[in-house]
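Please put together the full structure from these sequences, using the hints given.
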Amino acid sequence: MSYRLLIVEDSPELLEAMSDFFREEDAGLWEVVTASDGKDALAKVTGEDFDLLILDIMLPGASGFDVCKAARKRSDCPIIFETALGSENNVLQGYATGGDDYVVKPFSLRLLYAKSLALLRRAKKEDDGEVLNCGAISLNKKTMLVKVSGHEVQINAREYFLLVYLLENKGSVLTRQAILEHVWSDDLDVNDRVVDNTIRRLRKSLEDAASQVKTLIGRGYRITEE
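If you count the sequence shown from 1, position 208 lands on 1089 in my numbering, and the numbers rise without skipping.
If you're looking for bench data, these hints aren't it; they were derived computationally from the structure. Mixed in with the good hints there might be a few duds.
Listed next, the in silico BS3-like pairs over lysine-lysine satisfying Cα-Cα at most 25 Å (straight line) [what the hints assert, rightly or not]:
#1 K920 - K986
#2 K986 - K1051
#3 K1023 - K986
#4 K1022 - K1051
See the structure below:
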């Protein structure tokens, strides 16, 4: 599972920095689409679906406010404005136009990323049909939250997709090859050791529920209720 992100920024250096940060911070979590002017951004938001928008306000062709208005006719996805215009009036205009949050240049990429995740999780409201449960482990596929005995635990993107695969096949033995083909389908330069190392990290992240991920020597892995 990945989420489509549109970043609109007319500074090539900042656009590249933001794009690279999102792609590298949680590899596989984001499908990043970019636009460097308002005209291109308008075409994208009126013709494509996105899970999150990050919009500069001062753009050639059309403003970020114009892009936001066009996006709101199609979607309720979270929208973050990033701009040098930090006055109260500009911030209020951003919210009035339909924005959900605001960062003022220069800003921390880590802060922007944290805001993005928080808004995305809030937008992907709890849906019981999207929750995978096994013993003490609960995973919500919409919010991407993983809980052990009711409290949230932090796992990285690859561990997340591995856990989803295990939970969707709970009780079944999954070979290393099957896991590689499903979780690492985009990367041909991996081997069985990568699976073993990721399983090890996943167990550590699952804390008290680590023992639910079983190793079957010579066969593979499976997740059980206890």
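Here is how each hint holds up against the structure:
no.: 1; hint: K920 - K986; verdict: holds (22 Å)
no.: 2; hint: K986 - K1051; verdict: violated (46 Å)
no.: 3; hint: K1023 - K986; verdict: violated (31 Å)
no.: 4; hint: K1022 - K1051; verdict: holds (16 Å)
Checked against the numbered hints above, the structure breaks hints 2, 3 and satisfies the rest.
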